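Dock chain X against chain G, hints included.
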Amino acid sequence: MKSVFDAEIIGTECLTPGIFSTWLSCPGADFAEVKPGQFVGVFPNDPSALLPRPISLCETDAEKKTVRLVYRTAGKGTAELSGALPGQSFRVLGFLGNGYRTDALRGKHAVLFGGGIGIPPMLELAKELRKAGEGRITAVLGYRGAESLFLDEEFGKYCDEVIISTDDGSTGIHGTVIDAAELSELRPDVVCACGPMPMLRGIKAYAARLGVQAFLSLEERMACGVGVCLGCVCRTAHKDAHSNVNNARICTEGPVFDAAEVEI
Amino acid sequence: MMTSDQSRPSLKVSIAGVVLKNPVMTASGTFGSGMEYSEFTDLSRLGAVVTKGVSREPWTGNPTPRVTETASGMLNAIGLQNPGAEVFIRRDLPFLREQDTRVIVNVCGHSEEEYLEAVRFLNDAEGIDLYEINVSCPNVKEGGIAFGQDPEKLCRITDRIRQISAHPIIMKLSPNVTDIAEMARAAEAGGADAVSLINTLTGMQIDVERRRFVLANRTGGLSGPAIKPVAVRMVYQAAQAVSVPVIGMGGIATAADAVEFMLAGASAVAVGMMNFHNPHVTAEIAEGIENYLVRHGIADVNELVGAVTG
Chain G
428 MKSVFDAEII
438 GTECLTPGIF
448 STWLSCPGAD
458 FAEVKPGQFV
468 GVFPNDPSAL
478 LPRPISLCET
488 DAEKKTVRLV
498 YRTAGKGTAE
508 LSGALPGQSF
518 RVLGFLGNGY
528 RTDALRGKHA
538 VLFGGGIGIP
548 PMLELAKELR
558 KAGEGRITAV
568 LGYRGAESLF
578 LDEEFGKYCD
588 EVIISTDDGS
598 TGIHGTVIDA
608 AELSELRPDV
618 VCACGPMPML
628 RGIKAYAARL
638 GVQAFLSLEE
648 RMACGVGVCL
658 GCVCRTAHKD
668 AHSNVNNARI
678 CTEGPVFDAA
688 EVEI
Chain X
10 MMTSDQSRPS
20 LKVSIAGVVL
30 KNPVMTASGT
40 FGSGMEYSEF
50 TDLSRLGAVV
60 TKGVSREPWT
70 GNPTPRVTET
80 ASGMLNAIGL
90 QNPGAEVFIR
100 RDLPFLREQD
110 TRVIVNVCGH
120 SEEEYLEAVR
130 FLNDAEGIDL
140 YEINVSCPNV
150 KEGGIAFGQD
160 PEKLCRITDR
170 IRQISAHPII
180 MKLSPNVTDI
190 AEMARAAEAG
200 GADAVSLINT
210 LTGMQIDVER
220 RRFVLANRTG
230 GLSGPAIKPV
240 AVRMVYQAAQ
250 AVSVPVIGMG
260 GIATAADAVE
270 FMLAGASAVA
280 VGMMNFHNPH
290 VTAEIAEGIE
300 NYLVRHGIAD
310 VNELVGAVTG
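Residue numbers (the working numbering), protein chains in the order written: chain G, 428 to 691; chain X, 10 to 319.
Hints should not be assumed to be uniformly reliable.
Said to hold, decoys possible - Taking lysine to any residue and the SDA-like style, the derived pairs with C-alpha atoms no more than 20 angstroms apart in a straight line are: (1) 666/G to 216/X; (2) 503/G to 219/X; (3) 558/G to 628/G; (4) 491/G to 448/G; (5) 503/G to 122/X; (6) 666/G to 66/X; (7) 429/G to 49/X; (8) 429/G to 289/X; (9) 666/G to 685/G; (10) 666/G to 95/X; (11) 21/X to 292/X; (12) 666/G to 93/X; (13) 503/G to 69/X; (14) 666/G to 69/X.
Rather than coming from a laboratory, the hints here were simulated on the basis of the structure.
Remember, it's a predicted structure, so these values are computed and weren't measured experimentally.
Okay, chain G solo, but in the shape it has when bound (with noise of 0.2 angstroms):
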């Protein structure tokens, strides 16, 4: 169940410059039904910015109440969260959206695509898998470059194989993600992916030439996180129930959408 918790920074570590680790215990929240690629809002304690950051799980612990955030500091909010020390609180909004369907996609061979900002949800849906047991799973992580790295060595922990992409062709494959996994020859049985939307639309045509499912998990400006104030729409193909009119909310409907039933 949705609701506003508070939450204590257990530690907090930078990965890479500008991209931040942060442990948070949450006593008083759901956790009963979490799921990989949910987020959460994070509500900033200066009291001039009043909407909540919207930020992707990247691990949770449902037995110790605590989940892990995985963000680069964009601005004041963010800046904030990064910056405050172990014992101090932030009320958070969450478990909000979807989050990824690990049941469809278990017993088969996952290929998990991560751009920059994109890459620490798919750290929790790597370890879900690996619970989960049977099936293949592969990370196609893009970065900049190799001082931009972050998050790599631990999803080693969890797939059977991780591939690493560069825009400068410093480490791993010189290009996107889809080239290293057109190079690499992969074969998923179903693909998921969070990152820019280029990308995303780069995932949704390789999965359409390959005939198989993928789930996009979306980003857009937002504003309450819980459905209200339609800022957070992405045109879809179908109608769907909610809206009337080809506009599925992001935090709600989404973020996680079947590739074939959005248009971007």
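Leaving out everything else, chain X in the frame of chain G:
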């Protein structure tokens, strides 16, 4: 000696003969049709739920990005996306009817005829207490604000809607005018049962790194605590100008803010953007108003209306 129960102040207010259990309502567009926030807040603790704007046909709204944060506020250019009156009546209204709160349906259109069509269609539905007519949305190119910035057009559309409406009508006024008192008088002259204000102030934000407009619509409506002093001033001016009830809104975040609007002349208040900051805020404000009345020994919340002096 009074029992403790009798000493509780009365929070009831009346808008055009419709009694609300307390003066706190939700501002249109910040609460959907109540379903989403009912997970967080007991809607029966609110005086009324004001719905997202409803048009006769479904509206797609504007391209994204549609929202952005500003200092103590936000800009939005949603463009009144809504599923249309049929889906609203079939899906949202039955839910709202069950909530033990008043239901105020916000109505929008691109032309006089579209407003009239929407009202005619909604008239047959069960469970609507009042209409709020949105003649002040800054984010749709035709209709909307065109009526809210011209006193003659405002008077005329108010009169035409009033003639066919099955329920009392609240005209929602735009702050993007030179003389708010003139607009309030025009609505009253057209037969409005109440006026509500303010809608959002037209604003703009530019991403200086990318040198681009942040919103796809370029301009958007500013709301949140940043606009509160402007709203209080306009509510005061409107309340001085008309004798119909004024519903005050614009940046209300606390019970003290709500009391401030009532002292300026508002008979009831609506909470908007702050729902996004705290989904419990409306019920907390209703409770806070009661505490204020107790603290000041005031028996009836209506005593606050227009009570500012000095």
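Going through the hints against the structure:
Proximity of residue 666/G to residue 216/X is assessed by CA-CA distance (about 33 angstroms); at most 20 angstroms being required, the pair is judged violated. Straight-line distance between C-alpha atoms of residue 503/G and residue 219/X comes to about 18 angstroms, which keeps the hinted pair within the 20 angstroms bound. Restraint check: the Cα-Cα separation between residue 558/G and residue 628/G comes to about 30 angstroms, which exceeds 20 angstroms; the hinted pair is violated. Restraint check: the Cα-Cα separation between residue 491/G and residue 448/G comes to about 18 angstroms, which is no more than 20 angstroms; the hinted pair holds.
A threshold of 20 angstroms between alpha carbons decides the hint, and for residue 503/G with residue 122/X the separation of about 46 angstroms lies outside it, so the pair is violated. The straight-line distance between the Cα atoms of residue 666/G and residue 66/X is roughly 14 angstroms, inside the 20 angstroms bound, and the hint therefore holds. As the CA atoms of residue 429/G and residue 49/X are separated by approximately 8 angstroms, the hinted pair is consistent with the 20 angstroms bound. The straight-line distance between the Cα atoms of residue 429/G and residue 289/X is roughly 13 angstroms, inside the 20 angstroms bound, and the hint therefore holds.
Distance check on the hinted pair: residue 666/G and residue 685/G sit about 14 angstroms apart at the alpha-carbon level, within 20 angstroms; holds. Proposed proximity of residue 666/G and residue 95/X is supported: the alpha carbons are some 15 angstroms apart, at most 20 angstroms. Note on residue 21/X and residue 292/X: the hinted pairing holds, with a Cα-Cα distance of about 15 angstroms set against a maximum of 20 angstroms. Among the hinted pairs, residue 666/G with residue 93/X is consistent with the structure: their alpha-carbon atoms are about 13 angstroms apart, no more than 20 angstroms.
The suggested pairing of residue 503/G with residue 69/X is violated, with an alpha-carbon distance near 32 angstroms, which exceeds 20 angstroms. Proposed proximity of residue 666/G and residue 69/X is supported: the alpha carbons are some 11 angstroms apart, at most 20 angstroms.
Consistency with the previously given hints fails for numbers 1, 3, 5, 13, ordered from lowest to highest.
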